[in-house]
Amino acid sequence: MIQEKQPFSGTPLLPMPQTAARNRNDGLRRQILLGYGLIALMGVAIFGWAATTNISGAVVGGGRVMVQSNEKLVQHPTGGVIGKILVKDGSRVEAGDVVLRLDDTAVRANLAIVESGLSALKARLARLQAERDRAETIRFPDDMRANPSQADSDSMRSETQFFETRRRALLNHQAQLRQKIDQVKQQVKGYDVTIDSRKRQWDLVKTELEATRKLYRQNLSTRSQLAALEQNAAKLEGEYGALISDRAGLMAQIAETEIQITGLEEENLADVMKDLRETEAKIAEQEARRIAARDQLARIDIRAPAAGTVHELAVHTVGGVINPAETLMKIVPASSPLEFDLRISPTDIDQVHVGQTARLRFPAFNRAHTPEVAGTVTFVAADASVDRQSERSFYELRITPEPDIHKKLSDRGVDLVPGMPVEAFIQTEERTALSYFLKPLTDQVRHAFREE
Numbered sequence: 001m002i003q004e005k006q007p008f009s010g011t012p013l014l015p016m017p018q019t020a021a022r023n024r025n026d027g028l029r030r031q032i033l034l035g036y037g038l039i040a041l042m043g044v045a046i047f048g049w050a051a052t053t054n055i056s057g058a059v060v061g062g063g064r065v066m067v068q069s070n071e072k073l074v075q076h077p078t079g080g081v082i083g084k085i086l087v088k089d090g091s092r093v094e095a096g097d098v099v100l101r102l103d104d105t106a107v108r109a110n111l112a113i114v115e116s117g118l119s120a121l122k123a124r125l126a127r128l129q130a131e132r133d134r135a136e137t138i139r140f141p142d143d144m145r146a147n148p149s150q151a152d153s154d155s156m157r158s159e160t161q162f163f164e165t166r167r168r169a170l171l172n173h174q175a176q177l178r179q180k181i182d183q184v185k186q187q188v189k190g191y192d193v194t195i196d197s198r199k200r201q202w203d204l205v206k207t208e209l210e211a212t213r214k215l216y217r218q219n220l221s222t223r224s225q226l227a228a229l230e231q232n233a234a235k236l237e238g239e240y241g242a243l244i245s246d247r248a249g250l251m252a253q254i255a256e257t258e259i260q261i262t263g264l265e266e267e268n269l270a271d272v273m274k275d276l277r278e279t280e281a282k283i284a285e286q287e288a289r290r291i292a293a294r295d296q297l298a299r300i301d302i303r304a305p306a307a308g309t310v311h312e313l314a315v316h317t318v319g320g321v322i323n324p325a326e327t328l329m330k331i332v333p334a335s336s337p338l339e340f341d342l343r344i345s346p347t348d349i350d351q352v353h354v355g356q357t358a359r360l361r362f363p364a365f366n367r368a369h370t371p372e373v374a375g376t377v378t379f380v381a382a383d384a385s386v387d388r389q390s391e392r393s394f395y396e397l398r399i400t401p402e403p404d405i406h407k408k409l410s411d412r413g414v415d416l417v418p419g420m421p422v423e424a425f426i427q428t429e430e431r432t433a434l435s436y437f438l439k440p441l442t443d444q445v446r447h448a449f450r451e452e
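The C-terminal position of the sequence shown is numbered 452 in the UniProt record's numbering, with every residue numbered one higher than the one before it.
Keep in mind that the hints are not guaranteed to be accurate.
[As the list claims (entries may be wrong)] Computed Cβ-Cβ distance ranges for the label pairs, DEER-style:
#1 His353 with Glu326: 35 to 41 Å
#2 His173 with Ala325: 56 to 62 Å
#3 Asp271 with Glu326: 47 to 53 Å
#4 Ala248 with Ala135: 35 to 41 Å
#5 Gly35 with His353: 48 to 54 Å
#6 Asn323 with Glu278: 35 to 41 Å
#7 Glu239 with Asp271: 46 to 52 Å
#8 His311 with Gln389: 17 to 23 Å
Everything labelled a hint here was simulated from the structure, so no lab data went into it. Since the structure is predicted, the reported quantities are computational estimates derived from the model, not experimental observations. Using N, Cα and C, we set each Cβ at its ideal position, and we do this for glycine too.
My request is simple: use the sequences and hints to build the entire structure.
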């Protein structure tokens, strides 16, 4: 008897273990191959992108905002004592505003001394000119007579008195000498009378002597009579000669005295001309001192050289002393165009030159709301400088921003102030991304093969 097959109602039969493992390995291999393929494809794509895509290079530099005309230094050429401080840090000033006032006590006293000395010299000059011209009175300068100061009045009065005294002394001396001449002339007149009398007596004696000689030759007169007449004639001749000599001496005295009178005038004129030259030289010197004193007085008020903001005020004490040429404060100009003073590494200087474009960022502001600003390199230092604090070398350069920088930033509510930090990205030549990736490696290899 044949039995019927009954349907299978138990657990189905599983594949063999070897077959299942094989299937799993095949699936995993396909996934790995697919991953490698994707990686290879991505690598090829990245390499192709890196080899064909150009990226603009940039040299990065940091610096600060400044004005093209630079900060204006407020100084004083001679220094002095502070009398009043009219500003403080942050004060807005206009060109010509008084920012400091020095104490003017010593300056005004010095000017008064100089002007008093000058007044005395001018009055002396007028007096000497009057003496030179032998004038009766002194003609003082119009500016001294029109509106005389106390010093002018004192000087004119003093010189007038001195002029009258000198003139009177000269005239008195001359009068004495002329009086002496008159006295000598009177003596001369007396001598003339005596000489004339002696001359007549001598002539009479000579006539009588000639007659007596004739009588003596005729034996009509004695020898004693002749001798007496000859003796009397000789005596009269001697007296006559002495009188003539004395008269000549008196005339010599007159001539000498007249020379003294002329010499007094010439000597006085020589002294006047010498004093005149010295006084003119002193006036020129005193005029220069007055100009300097007035200039110093005008500099009592120290004024702002430009409109702007007071910065780094260095004086704070009324009564304090400032030295010549000492920087008292700085004025940051308000209307000067902005520019940016930056520093770059010496290793990047070969990539920077005047005329390059740059992108500027301002770390002081929110980068998300502050736009970048374009600019142009306008100055590159010829040699490197050294920072005194860090002792690092750097090259200085300046960048001028685009003309509409104020409008561009003010629209975003940004106001640049000198001294703010700035970052600059100076665009250099374009290079592929691959060259950026490989450059560190090639540089290292280049250095490695050069080692000893």
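Hints, one by one, checked against the model:
1. Checked against the given bound of 35 to 41 Å, the beta carbons of His353 and Glu326, roughly 40 Å apart, stay inside it.
2. Evaluation of the 56 to 62 Å hint for His173 and Ala325 yields a pass: the beta carbon distance comes to about 59 Å.
3. Our hint of 47 to 53 Å for Asp271 and Glu326 holds, since their Cβ atoms are close to 50 Å apart.
4. Between Ala248 and Ala135 the CB atoms are about 40 Å apart, so this pair conforms to the stated range of 35 to 41 Å.
5. Hint check: Gly35 to His353, Cβ distance near 49 Å, so the stated range 48 to 54 Å holds.
6. At roughly 37 Å, the beta-carbon separation of Asn323 and Glu278 lies within the given 35 to 41 Å, and the hint holds.
7. Look at Glu239 against Asp271: about 47 Å separates their beta carbons, and that is inside 46 to 52 Å.
8. Between His311 and Gln389 the beta carbon distance is about 21 Å. The supplied range of 17 to 23 Å therefore holds.
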